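Novice: Given the sequences, and given the hints that come with them, work out the whole structure.
These protein sequences, in sequence, are chains A and B.
Count the first sequence with my numbering and you get residues 2 to 242, in order.
Count the second sequence with my numbering and you get residues 10 to 245, in order.
These aren't lab readings, by the way, just hints derived from the structure by calculation.
Do not take every clue at face value.
Said to hold, decoys possible - Here are a few chain A residues that sit away from chain B, every Cβ distance over 10 Å (derived from the structure):
no., residue
1, Arg131
2, Tyr164
3, Arg170
4, Pro185
5, Thr192
6, Arg205
7, His213
8, His233
9, Asp234
What the hints assert, rightly or not - Simulated restraints on C-beta separations:
no., chain 1, residue 1, chain 2, residue 2, range
10, B, Glu165, A, Glu171, 33 to 39 Å
11, B, Arg175, A, Ala242, 41 to 47 Å
12, B, Pro167, A, Pro220, 25 to 31 Å
13, B, Arg54, A, Pro220, 41 to 47 Å
14, B, Glu169, A, Arg227, 20 to 26 Å
15, B, Val182, A, Glu171, 21 to 27 Å
16, A, Ala242, B, Gly114, 36 to 42 Å
17, B, Glu169, A, Pro220, 20 to 26 Å
18, B, Arg175, A, Pro189, 25 to 31 Å
19, B, Pro136, A, Arg167, 37 to 43 Å
20, B, Asp112, A, Arg227, 45 to 51 Å
This one's a predicted model, so the numbers in the text were calculated from it and none came from an experiment.
The beta carbon of each residue, even a glycine, is placed where N, CA and C say it ideally should be.
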Amino acid sequence: MSVLTLQLAGPLQSWGASARFARRTTENAPTKSGVLGLLAAARGLTRDADAELAELATLRFGVRIDQPGTRVRDFQTAHDLDTDESMPLSERFYLADAVFVAAVAGADPMLATLYQALRRPAYLPYLGRRSCPPARPVELAVHPGGDLVGVLRAEPWRAADWYRRRRARETDVELTLLTEVPAPGSTPNATLRDQPLSFDPRHRRYALRSVHTSTVTVPNPQARARQTVPPHDPTSLLDLA
Amino acid sequence: MYLTRFRLNAARPGARKLIASSQALHAAVMSSFPDLLPSAAGRPRVLWRLDRNAAAELLLYVVSPGRPDLTHLVEQAGWPAAAASGTPGWQTYGYAPFLDRLDKGGIWNFRLTANPVHSVRVRDGQPTKRTAHVTTQHQIEWLLGRQEVGGFRIQEKPQERRRTERGDLHQLVVRDQRSLEFRKTGSTGPVTIKTVTYDGRLEVTDADALRKVLTEGLGKAKAYGCGLMTLAPIST
Numbered sequence: 002m003s004v005l006t007l008q009l010a011g012p013l014q015s016w017g018a019s020a021r022f023a024r025r026t027t028e029n030a031p032t033k034s035g036v037l038g039l040l041a042a043a044r045g046l047t048r049d050a051d052a053e054l055a056e057l058a059t060l061r062f063g064v065r066i067d068q069p070g071t072r073v074r075d076f077q078t079a080h081d082l083d084t085d086e087s088m089p090l091s092e093r094f095y096l097a098d099a100v101f102v103a104a105v106a107g108a109d110p111m112l113a114t115l116y117q118a119l120r121r122p123a124y125l126p127y128l129g130r131r132s133c134p135p136a137r138p139v140e141l142a143v144h145p146g147g148d149l150v151g152v153l154r155a156e157p158w159r160a161a162d163w164y165r166r167r168r169a170r171e172t173d174v175e176l177t178l179l180t181e182v183p184a185p186g187s188t189p190n191a192t193l194r195d196q197p198l199s200f201d202p203r204h205r206r207y208a209l210r211s212v213h214t215s216t217v218t219v220p221n222p223q224a225r226a227r228q229t230v231p232p233h234d235p236t237s238l239l240d241l242a
Numbered sequence: 010m011y012l013t014r015f016r017l018n019a020a021r022p023g024a025r026k027l028i029a030s031s032q033a034l035h036a037a038v039m040s041s042f043p044d045l046l047p048s049a050a051g052r053p054r055v056l057w058r059l060d061r062n063a064a065a066e067l068l069l070y071v072v073s074p075g076r077p078d079l080t081h082l083v084e085q086a087g088w089p090a091a092a093a094s095g096t097p098g099w100q101t102y103g104y105a106p107f108l109d110r111l112d113k114g115g116i117w118n119f120r121l122t123a124n125p126v127h128s129v130r131v132r133d134g135q136p137t138k139r140t141a142h143v144t145t146q147h148q149i150e151w152l153l154g155r156q157e158v159g160g161f162r163i164q165e166k167p168q169e170r171r172r173t174e175r176g177d178l179h180q181l182v183v184r185d186q187r188s189l190e191f192r193k194t195g196s197t198g199p200v201t202i203k204t205v206t207y208d209g210r211l212e213v214t215d216a217d218a219l220r221k222v223l224t225e226g227l228g229k230a231k232a233y234g235c236g237l238m239t240l241a242p243i244s245t
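Specialist: Dropping the structure here:
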């Protein structure tokens, strides 16, 4: 077993787990289907390669929210190129300025190929939706022999400099960890329909997956102590007159 | 000599007016001496300083040859109801016994709010102009330049506690740089004064000279809350 870590940072990201029809929502953190889709694209798998996808889907998945970002709502109008008929109006949600560390755990040879594939991707990676390119290299490292939760806990804080400075009062920051495997002190509080069964464009299918929420504390390299006024009492040695 | 401490009640409009205006505070301090007429020439030096330790901890220190009566300050900017129950609302301490005990070699914590300036000639042939030191390094040098005459020496930091290779030699912090700007009747432009607060540790090298600094002040703008240095034991 080893663990492959990825950083997902970009001006916009969008990770839909239950998005249907004209309202395309986003979760607060990357979904397993979104990240596996990114990996499958890097490997060059086609949309209907269900057998290879089934192999990928055995990977265990976890994500850490390093910088939550803000939710952005976009109201999209479009017209058909040929007939100029208006398409259904749609609402699209994005996460702006978010940074995540995602990790997948699985067999060593598979992760080694995936890491190589991310360095020379067959199809370009994007963060949940094709209009959301990553702002940094996606692949971080392969940790041989690591466990998913341990690797996510040990990873340094990947938030942007301005965001770290904004939280300069905190020497340690608490980050949310969403993992597929139970972490110490976690609560299995949610299920998400993002376990991919098929990316076939004619009929995409997903299964339910449990999500365990826990927190992890990481040091803030930009932390600065608050300036305090030194104590000074000139009257301590004097007598009242 | 007397050292007086008065705590301003930051919640009162009268206190806010005094905090906002060094001129108003100077007038309030000077009017607390019943023997001192405004017209008196060569009147004794009164020094004062406002310590802003926290948003609601504003302490006014006054060093004066005479005993002040701060009743008007208590009424405008203090706690008159609390003061009515026996305590006067301010504390006046005898300063002379402490000053007499100052000895060469003694080590003290000090605090000083000052107006570090130098005179520069902008163009040849023009008179020099008093100009504020704006960088921390220059402000430190300004104070270091007054050690010899002032009878004190600012302690050096042990090597392992210096955070930078150069410029962090002394046990001294410079903080709270403020710019005062106000108009004075009779002057054409505004008066601008830059003040900084020094906190540090000093060693007495000449007790008489240091007594002079403590009672007569250091540097310019003494009417606007600058120049009063106070000492405190290093254990606190």
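Novice: All the hints need checking, so say for each whether the structure fits it.
Specialist: Each hint, compared with the structure:
With a closest Cβ-Cβ approach of about 49 Å to chain B, Arg131(A) is found to remain outside the 10 Å limit, as its non-interface label requires. In this structure Tyr164(A) is separated from chain B by more than 10 Å, as the shortest Cβ-Cβ distance comes to about 26 Å. Chain B leaves Arg170(A) outside its interface by the beta-carbon criterion, the shortest separation being 17 Å against a cut-off of 10 Å. With a least beta-carbon separation of about 38 Å from chain B, Pro185(A) lies farther than 10 Å from that chain, consistent with its non-interface assignment.
Consistency note on Thr192(A): stated as away from chain B, and its beta-carbon is indeed over 10 Å from all of that chain's, at 49 Å minimum. Even its closest Cβ contact with chain B, about 58 Å, leaves Arg205(A) beyond 10 Å, as expected for a residue assigned away from the interface. For His213(A), the condition that its CB be more than 10 Å from all CB atoms of chain B holds, with the nearest at approximately 43 Å. For His233(A), the requirement that its beta carbon stay farther than 10 Å from each beta carbon of chain B is not met, with the minimum near 5 Å.
Look at Asp234(A): its CB is around 5 Å from the nearest CB on chain B, not clear of 10 Å, so calling it non-interface is violated. A hinted range of 33 to 39 Å for the beta carbons of Glu165(B) and Glu171(A) is consistent with their spacing of about 34 Å. The hinted window of 41 to 47 Å between Arg175(B) and Ala242(A) holds, with their beta carbons roughly 46 Å apart. Our hint of 25 to 31 Å for Pro167(B) and Pro220(A) holds, since their Cβ atoms are close to 28 Å apart.
In this structure the hint that Arg54(B) and Pro220(A) lie 41 to 47 Å apart at CB is violated, the actual value being about 52 Å. For Glu169(B) and Arg227(A), the hinted distance range of 20 to 26 Å is satisfied, since their beta carbons lie about 24 Å from each other. For the pair Val182(B) and Glu171(A), the beta carbons lie near 24 Å from each other, so the given range of 21 to 27 Å is met. Look at Ala242(A) against Gly114(B): about 28 Å separates their beta carbons, and that is not inside 36 to 42 Å.
At about 23 Å, the CB distance of Glu169(B) to Pro220(A) agrees with the hint of 20 to 26 Å. Between Arg175(B) and Pro189(A), the C-beta spacing of about 57 Å breaks the proposed range 25 to 31 Å. One distance hint, 37 to 43 Å for the beta-carbon pair Pro136(B) and Arg167(A), is violated here, with the actual separation near 49 Å. Checked against the hint of 45 to 51 Å, the C-beta distance between Asp112(B) and Arg227(A) comes to roughly 37 Å, which is inconsistent with it.
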